[in-house]
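*Asks:* Take a look at the letters that make up each chain.
Number of protein chains: 2
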Amino acid sequence: MEASRLFGGATRSLTYLYCINDTSSFLSQNPAAARKPYVPVYAKKAELERAVAELRGQLGEDAISTDDEDLHRHGYSEWSSINIDVLPVAVAYPKTTEEVSQIAKACYQHKIPMIPYSGGSSLEANFAAPFGGVSVDFCFMDKVLALRPDDMDLTCQPAVGWMSLNEQIAHSGLFFPVDPGPSAMIGGMVGTSCSGTNAVRYGTMKEWVVNLTVVLADGTVIKTKRRPRKSAAGYNLTGLFVGSEGTLGLVTEITLKLAVIPQETSVAVVNFPSLRSAAATAMSVVRTGIPIAAMEIMDEVQMGVVNKAGATKKKWKETPTLFFKFSGTPGAVKEHIEQVRELSRKQGGGDFDFTRDAEEQKALWSARKEALWSMMALRREGDDVWSTDVAVPLSRLADIIEISKKEMDDLGLFASALGHIGDGNFHESIMFNKNDPEERRKVQECVYRMVDRALEMEGTCTGEHGIGLGKKASLVKELGLDTIGVMKKIKASLDPLGIMNPGKIFDLQ
Amino acid sequence: MEASRLFGGATRSLTYLYCINDTSSFLSQNPAAARKPYVPVYAKKAELERAVAELRGQLGEDAISTDDEDLHRHGYSEWSSINIDVLPVAVAYPKTTEEVSQIAKACYQHKIPMIPYSGGSSLEANFAAPFGGVSVDFCFMDKVLALRPDDMDLTCQPAVGWMSLNEQIAHSGLFFPVDPGPSAMIGGMVGTSCSGTNAVRYGTMKEWVVNLTVVLADGTVIKTKRRPRKSAAGYNLTGLFVGSEGTLGLVTEITLKLAVIPQETSVAVVNFPSLRSAAATAMSVVRTGIPIAAMEIMDEVQMGVVNKAGATKKKWKETPTLFFKFSGTPGAVKEHIEQVRELSRKQGGGDFDFTRDAEEQKALWSARKEALWSMMALRREGDDVWSTDVAVPLSRLADIIEISKKEMDDLGLFASALGHIGDGNFHESIMFNKNDPEERRKVQECVYRMVDRALEMEGTCTGEHGIGLGKKASLVKELGLDTIGVMKKIKASLDPLGIMNPGKIFDLQ
Chain A
1 MEASRLFGGA TRSLTYLYCI NDTSSFLSQN PAAARKPYVP VYAKKAELER
51 AVAELRGQLG EDAISTDDED LHRHGYSEWS SINIDVLPVA VAYPKTTEEV
101 SQIAKACYQH KIPMIPYSGG SSLEANFAAP FGGVSVDFCF MDKVLALRPD
151 DMDLTCQPAV GWMSLNEQIA HSGLFFPVDP GPSAMIGGMV GTSCSGTNAV
201 RYGTMKEWVV NLTVVLADGT VIKTKRRPRK SAAGYNLTGL FVGSEGTLGL
251 VTEITLKLAV IPQETSVAVV NFPSLRSAAA TAMSVVRTGI PIAAMEIMDE
301 VQMGVVNKAG ATKKKWKETP TLFFKFSGTP GAVKEHIEQV RELSRKQGGG
351 DFDFTRDAEE QKALWSARKE ALWSMMALRR EGDDVWSTDV AVPLSRLADI
401 IEISKKEMDD LGLFASALGH IGDGNFHESI MFNKNDPEER RKVQECVYRM
451 VDRALEMEGT CTGEHGIGLG KKASLVKELG LDTIGVMKKI KASLDPLGIM
501 NPGKIFDLQ
Chain B
1 MEASRLFGGA TRSLTYLYCI NDTSSFLSQN PAAARKPYVP VYAKKAELER
51 AVAELRGQLG EDAISTDDED LHRHGYSEWS SINIDVLPVA VAYPKTTEEV
101 SQIAKACYQH KIPMIPYSGG SSLEANFAAP FGGVSVDFCF MDKVLALRPD
151 DMDLTCQPAV GWMSLNEQIA HSGLFFPVDP GPSAMIGGMV GTSCSGTNAV
201 RYGTMKEWVV NLTVVLADGT VIKTKRRPRK SAAGYNLTGL FVGSEGTLGL
251 VTEITLKLAV IPQETSVAVV NFPSLRSAAA TAMSVVRTGI PIAAMEIMDE
301 VQMGVVNKAG ATKKKWKETP TLFFKFSGTP GAVKEHIEQV RELSRKQGGG
351 DFDFTRDAEE QKALWSARKE ALWSMMALRR EGDDVWSTDV AVPLSRLADI
401 IEISKKEMDD LGLFASALGH IGDGNFHESI MFNKNDPEER RKVQECVYRM
451 VDRALEMEGT CTGEHGIGLG KKASLVKELG LDTIGVMKKI KASLDPLGIM
501 NPGKIFDLQ
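Sequence lines, in order, name chains A and B.
Under the working numbering, the first sequence has 399 at position 399, and the numbering climbs by one with no breaks.
Under the working numbering, the second sequence has 198 at position 198, and the numbering climbs by one with no breaks.
Simulated from the structure, these hints should not be mistaken for laboratory data.
A portion of the hints provided could be inaccurate.
Unchecked claim - For each label pair, taking beta carbons as the anchor points, the in silico distance ranges come out as:
| no. | chain 1 | residue 1 | chain 2 | residue 2 | range |
| --- | --- | --- | --- | --- | --- |
| 1 | A | Ser-183 | B | Gln-444 | 50 to 60 Å |
| 2 | B | Glu-78 | A | Glu-338 | 21 to 31 Å |
| 3 | A | Leu-378 | B | Pro-330 | 39 to 49 Å |
| 4 | B | Gln-509 | A | Gly-485 | 48 to 58 Å |
| 5 | A | Glu-338 | B | Phe-352 | 50 to 60 Å |
To be verified - Listed next, the in silico SDA-like pairs over lysine to any residue satisfying Cα-Cα at most 20 Å (straight line):
| no. | chain 1 | residue 1 | chain 2 | residue 2 |
| --- | --- | --- | --- | --- |
| 6 | A | Lys-334 | B | Glu-264 |
| 7 | B | Lys-489 | A | Asp-452 |
| 8 | A | Lys-257 | B | Val-286 |
| 9 | A | Lys-308 | A | Thr-319 |
| 10 | A | Lys-477 | B | Lys-223 |
| 11 | A | Lys-257 | B | Val-39 |
| 12 | B | Lys-362 | B | Gln-347 |
| 13 | A | Lys-489 | B | Val-39 |
| 14 | A | Lys-472 | B | Gln-339 |
| 15 | A | Lys-257 | B | Arg-201 |
| 16 | B | Lys-257 | B | Lys-111 |
| 17 | B | Lys-488 | A | Phe-175 |
| 18 | B | Lys-45 | B | Asp-142 |
| 19 | B | Lys-223 | A | Asp-452 |
| 20 | A | Lys-223 | B | Leu-481 |
| 21 | A | Lys-257 | B | Leu-455 |
| 22 | A | Lys-334 | B | Lys-257 |
| 23 | B | Lys-477 | B | Pro-496 |
| 24 | B | Lys-489 | A | Asp-85 |
| 25 | B | Lys-223 | A | Leu-481 |
| 26 | A | Lys-223 | B | Lys-489 |
| 27 | A | Lys-334 | B | Gln-339 |
Don't be surprised by glycine CBs; every beta carbon is placed ideally from N, CA and C.
Kindly produce the complete structure, drawing on both the sequences and the hints.
*Replies:* Next comes the structure, spelled out in C-alpha cells:
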C-alpha cells in the first residue's frame, strides 16, 4: 500500500485521525489540562506518516500494515465486553526484540501510541486503540526459544499459545500450569496477569514468570531478572510488568517456571441440589486440606449450555455442578477422591461421576474450559455475549453468585455462571441482542451492579481479565484515587509521553 | 532527654550529623551531581530538632527516643554481614497507621530519612541508617487485627513474629506458611520478600500477601488492594512494595493468605556419601512430581555444627544430608515417603531416619531452622559469622555449593553450607575473627566471588535476604544499569525527596 493512501483510505483510520485531532484541540482549548504534568499529546498526521515511512525503511515494507481489515482485526474483538469506534492506524509485525525496540524508538520520537497484541482474546478491550497508534502484533515472535528441563524453566516469545507451548514441551514431562481460555497467548497472559482452573493449586501468572525482556517506551531493552526460581534482589519488576496490560512496556521474551506433569490425574463431576450445597462442599474440601488440583462450579444454566452445544458425548444433569481435578501420586489421588466423595455426600451431592477414560476426561474438562465458547456457539443472529469476572473473599462467593443470578433471572436475561470456587473468582456470561440498545443497557447495568456488589464484599472488579477500557471506573471505586495515583506516578516515570497502550487501566489525565 | 541534648550527647549521633553535612557539602562542591534530578539533600541539625519536637508534641514525649542504646540497637546488628559507623538520630514508636502518617508528614516536610524496623534480624544491613534519620520501630504495632477463617486470611500489624502469629491462629486449623529465621516479623518479611524451607511447596512472601496498608513518603495512606485472594485489577502494587525494603513506603498493615494445616506431617533425614548424590536425589524427587512439603540440604560441616551446638537429642552422622518434610492426607504422606526412600536408595542414600515422635520431629526440623543460631553459638570471643545467600537455576545448585565449599576449605575458613535445594537457593555461613582485618577481607572476597559465580550461572545475588547495603554492587552486576534505572525512576516517582530508607538496594545518585 502506498504511503500516500495510508491515512486516507479507511473510514476507520480517519475516525482515528479525528480522534487525535480532537485530543490536540481539546488540549489547546483547555490550557488548564495542558498545564497538568502528564497530559499526553500525540503525533499528528504528517508525523505519523513520517514514522511509518521510517519504520518501513528500517524493517521492510511488510513489517507495517495499514490494511483496513488488519486494522479492524487489531482494534475490534467479538469477545470483548466493549468495543470503540477508533482503530489503530497501523499494525507493526516485529520479528525480534531489536525490531520492537526500533518501533518503540520511532514511536517515542514521534509520540505515537503503541498497543501490544498477541492472542486477541482478552475481554475488556485490553488491546483497543482509543488514541489510534500502532498495534504491535507479535505473531512472528511465536517460538519457544529454550527449554531447560533440568532447571524446570523455558524462555519463549509473546505469541506462543499456552496450549501449543504445553504440546511442544510435553516430551520433557513438564508443563506450564496457567490455563486461561484456549486461545490465549503468553504475551497477553503476562499483560492481564491471567489465571484459570489450575490457579487453586498452582497460582496465577505472576507466580510463574521468572523474568521478562521488556522494551520500554523509549526503546531501551531491559531484563527484569536473571533466571533463578527465587530472588529477593531489588524491586520485583517482573511482578510489576505482569498485569500492567502493556502500559509500562512491551514484553518480548518471557522465562516461565514449569511444573512436573503429575504422576496421575483424574476428573470427577458431581451435581448438587443447590448452589449453596455445592459451595459448602467446595469450602469443606478446601478447609479439610485436600490438595485439589482444580475445583470449578458451573450453574444449571451453564450445564444446559454444555448440553446444548454438544461439547461432550454425555448429557449432563442440569443442576449446580462441581468439577474436580485430582492429581498427584496414584495412592494420593485415590485418597483425595474418597475424601471429596464423602464431603460431597454430606452436602447432598449426587453420584460421583468419575471418568476413567482419558479421552472423556479431556472432553469433560474441556467442556468446562470452553464454557464461554459453548455460550458463544448458542448465539442467534444479532446476539452478543457479555462475559465478565469478579473475585471476592472465599466466604462470599456463593452469596454473590446467588444474588447476581437472581437479578439476571428477574430481568429475563439468559445468563450462565461459573466460578473458580477455590479462589473466590466467578464468571458470568450474559446473552443479549446487540441491536437492542435497551437490552444492552440492562446487561451493562447488571454487570456493573455485580462489580459494585463484589467491591462491597471487599472483592475486586476483576479476578483474571484485567481492567482494559471496560473496568476503569470500577478500579477507581475499588482502590480510590490515592492508590491509583501511585500507579499513575509509576506510569509517568516509565512512560513520560503516555504512549504505552494509553487509556487502559486508568485515564492519564 | 532534653531537646538541647538531643544531637550533642552521643558520639554516634554526631557521626550521623557529620554524615549529613558531608553529603550537603559534597553536593555544593559538585554542582554536576547537584544538577542530577534525584540527589536528596537531608535536614540539618536545627531542622531535625524542630521535627523531633513537633513529633513529641503530636505523639507524646515517649513516642520518640534519642537514647544512645536505643539508637545503637536500631542501627547495628550482630546478624548483619556489614555494619556502618552511622546510627539513626531518633527512634519513633508509632502505635497506629495514623501516627506513622504523622511521622512521615513531619519527615517529609523536614527532609528526614525514615527507616522501618521490626524484627531486626535481616542480614544485609537492611535497617542500617547511613544517612541517619528516624528509625520507625513498629514494636507497639504487633497485633493480629482480624482472623477470618472462612476467607482463609488475616490482617496484622508489622511487628508480629511469624511464629507467634502461627501460635495465635493455630486453633483455626490454618497457618501462615512462610518460615524464615525464627525471629523474623511480618513487616520485615514483607520488606525483604523473604521465604524459607516451606517455599518449595508454598512459595515466597509475595505469593501470600493479599494487600498492604502503606504510608507513603509524604504521609499519604494507601491500601494496595481489597481482599480477594486473586485479582487482576491494576498494577500489582502489593508485589512491588513486597521486597522494596522500605524504600517506597512504610507498611503498617498486612493482609495475609493462610493455608490449611495438613492432615498429616512427617519429617525424615537421610545422609549421603557426597553432596552430588544428595543433590541428585533432590532433583529426582522434584522431577518425579512428588509434592514434597520441604526439602533441605545441609553439608557435613553444618551437621557437625548441629551436633556441637547440641540442638537435638540425637547425634547426627556428619555427611551431606537431606531433610525432608512430607505433608498431606495420611495415605499420600506414606506414599510420598516410600517414593522418596526408593529414589534416595538409588543414589546411595543411607537409612531413612524417620522420626515418628512429634517432639523429636519438631526438634529435628528446628535444628535445620536454627542452623544459623547453632553456628552463632559456636563463636569464640572475637568471632563473627558472615551469613549470606544466593540462588541459581536448579541444575547448578550442586556446582555452586561444591566450588564455594572447596574455595573456603582451601583458604582454611570454617564455613557451613545449607540450601533450599528445591528452589536452587543456598546459604553459606562463614566463621571469622572480626579483629583480624586480613581474615575478614578473605571472607568478604570469598562471599563476593560466590555471588559472582551465582551470577555467571544466571542466578541472583540473593534468594531471600534482600540487597540492603550489603549487595548493592552485586545488584548492579546482576541486572545492569538500565534495569536499576527503572527501579530508580519508580523510587523517584514515589519518594521524590529520597527519604524512604535511603541508601538501600541502590544508590540514589
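*Asks:* Now tell me, hint by hint, if it's right for this structure.
*Replies:* So, going through the hints one by one against the coordinates:
1. A:Ser-183 with B:Gln-444: 50 to 60 Å: Holds: the Cβ-Cβ distance is about 53 Å, inside 50 to 60 Å.
2. B:Glu-78 with A:Glu-338: 21 to 31 Å: violated (52 Å)
3. A:Leu-378 with B:Pro-330: 39 to 49 Å: This hint holds: roughly 46 Å between Cβ atoms.
4. B:Gln-509 with A:Gly-485: 48 to 58 Å: Violated, since Gln-509 of chain B and Gly-485 of chain A (Cβ atoms, about 27 Å apart) do not stay within the stated range.
5. A:Glu-338 with B:Phe-352: 50 to 60 Å: Violated, at about 27 Å.
6. A:Lys-334 with B:Glu-264: Roughly 17 Å between the alpha carbons, so the hint for Lys-334 of chain A and Glu-264 of chain B holds.
7. B:Lys-489 with A:Asp-452: violated (34 Å)
8. A:Lys-257 with B:Val-286: Roughly 13 Å between the alpha carbons, so the hint for Lys-257 of chain A and Val-286 of chain B holds.
9. A:Lys-308 with A:Thr-319: Distance ~14 Å between Lys-308 of chain A and Thr-319 of chain A Cα, so the pair holds.
10. A:Lys-477 with B:Lys-223: holds (13 Å)
11. A:Lys-257 with B:Val-39: Between Lys-257 of chain A and Val-39 of chain B the Cα gap is close to 39 Å, so the pair fails against 20 Å, i.e. violated.
12. B:Lys-362 with B:Gln-347: Between Lys-362 of chain B and Gln-347 of chain B the Cα gap is close to 27 Å, so the pair fails against 20 Å, i.e. violated.
13. A:Lys-489 with B:Val-39: holds (19 Å)
14. A:Lys-472 with B:Gln-339: Status violated; Cα separation ~51 Å.
15. A:Lys-257 with B:Arg-201: The given pair, whose Cα atoms are some 14 Å apart, holds under the 20 Å limit.
16. B:Lys-257 with B:Lys-111: Given that 20 Å is the threshold and the Cα spacing comes to 36 Å, the pair is violated.
17. B:Lys-488 with A:Phe-175: Violated, at about 36 Å.
18. B:Lys-45 with B:Asp-142: violated (32 Å)
19. B:Lys-223 with A:Asp-452: holds (18 Å)
20. A:Lys-223 with B:Leu-481: holds (11 Å)
21. A:Lys-257 with B:Leu-455: holds (18 Å)
22. A:Lys-334 with B:Lys-257: violated (28 Å)
23. B:Lys-477 with B:Pro-496: Violated, at roughly 25 Å.
24. B:Lys-489 with A:Asp-85: violated (35 Å)
25. B:Lys-223 with A:Leu-481: holds (11 Å)
26. A:Lys-223 with B:Lys-489: Holds, because 16 Å separates the two Cα atoms, which is no more than 20 Å.
27. A:Lys-334 with B:Gln-339: It holds: about 16 Å lies between the C-alpha atoms, which stays within 20 Å.
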